[in-house]
Amino acid sequence: MTIPVLTLLTIVLCAGILVGGLLAVLLDSMVSAVISAGLASLFASVVYVVLAAPDVAMTEASIGSGLTTMIFLYAIRKTQGNTEDKE
Amino acid sequence: MIKRMFIFIILALLAIIFFNLASNYSESSSLSKLGHYYVEKGPQEIGAPNLVTAIVVTYRGLDTLGEVTVLFISAAGVGLLLRRTRRRPPDEPTQHQQSQKQRSKKIISTHKAASEIVETATELLLPMIILFGIYVFMNGHLSPGGGFQGGAIIASGTMFLLLALPESHLSRLMIAITESLSGFSYVVVGVLGVMLAGGFLDNRFMSLGTYGELFSAGAIPLIYTFVGLKVGFELSAVLDRFRQEDNSEDSGSV
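One line per chain: the protein sequences are A and B, in this order.
Counting in my numbering, the first sequence runs from 8 upward without gaps.
Counting in my numbering, the second sequence runs from 3 upward without gaps.
Wrong hints could be hidden among the right ones.
What the hints assert, rightly or not - Computed Cβ-Cβ distance ranges for the label pairs, DEER-style:
no. : chain 1 : residue 1 : chain 2 : residue 2 : range
1   : A       : Cys21     : B       : Gly79     : 32 to 40 Å
2   : A       : Asp35     : B       : Gln46     : 52 to 60 Å
3   : B       : Leu33     : A       : Asp35     : 20 to 28 Å
4   : A       : Asp35     : B       : Thr71     : 14 to 22 Å
Just so you know, these hints were derived from the structure itself, not from any lab.
Where is the CB? At the ideal position from N, CA and C, for every residue including glycine.
Just chain A, with the same shape it has in the complex:
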């Protein structure tokens, strides 16, 4: 039994989303967490392309991984000093 390349690609990319999401939750540094969340979005947008939804992929790539990350980074800079997640 051979796995089609596209399925394999989808699985790898979905694993990327999971890793990105987990890192966003687990990382201590705020900036790294935001970057990993953006990374998860980027993987998600590639998954959308593979699953034949280019319209959604464009939105996800530009808003999810671009603008949201940037706005979060600006917000972190505004709340200077609280760079670490305190329990």
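Since the structure of chain A is already known, use the hints to place chain B on it.
Quick look at chain B alone, frame taken from chain A:
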């Protein structure tokens, strides 16, 4: 302890929901009745090769208007929240505050320096990014993409500009005028659809043209141009608000 319990209960409920979704999932081999209608009648009725656009702009036009409204409200909220902190009257700076301000200014200014390569690349790439955004929303009825995507790409261009050339100044008045005008025109086009064609946001009051050409599919290019401009300028304004706050903070200490 109770907080923990709540978290576990919510997690368990989510797990049940997702398990049900996953266990009931089966790949459908044929389109639903509504899907059939869209696929068969869409090209004749709307004249847009990109069926997603035909559905988003006309069949589900009110939803799109709602999305634009949601975006508008959130942009207005950002404007309101960030403006309030800026309006606070500046109290007399004490010695401690002043030194703190100078320190924060130093941090900001070290953050702000962009390298020559980044600046040059921005000057080279920015027009192309903006042009690509315009291409995406003008061709929304032909190829993947549309008003939201094109607008988001234009806003990414603005983000690029603000990152590489932090001293650049965006005219807030120009942004406000363009945004309001395009939002207003969008609704006017929708009302024209009521008066001249079948209903709100009906695109058939303009001629459908030749199937697959740039100026075809009735009012869809017009609608998407307005949506694209509105979304692009709105998101740019949000980014500018976040950025400007930093500038006003350190310009206060000068």
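Quick rundown of the hints versus the structure:
no. : hint                          : in the structure
1   : Cys21/A x Gly79/B: 32 to 40 Å : holds, 34 Å
2   : Asp35/A x Gln46/B: 52 to 60 Å : holds, 58 Å
3   : Leu33/B x Asp35/A: 20 to 28 Å : violated, 48 Å
4   : Asp35/A x Thr71/B: 14 to 22 Å : violated, 38 Å
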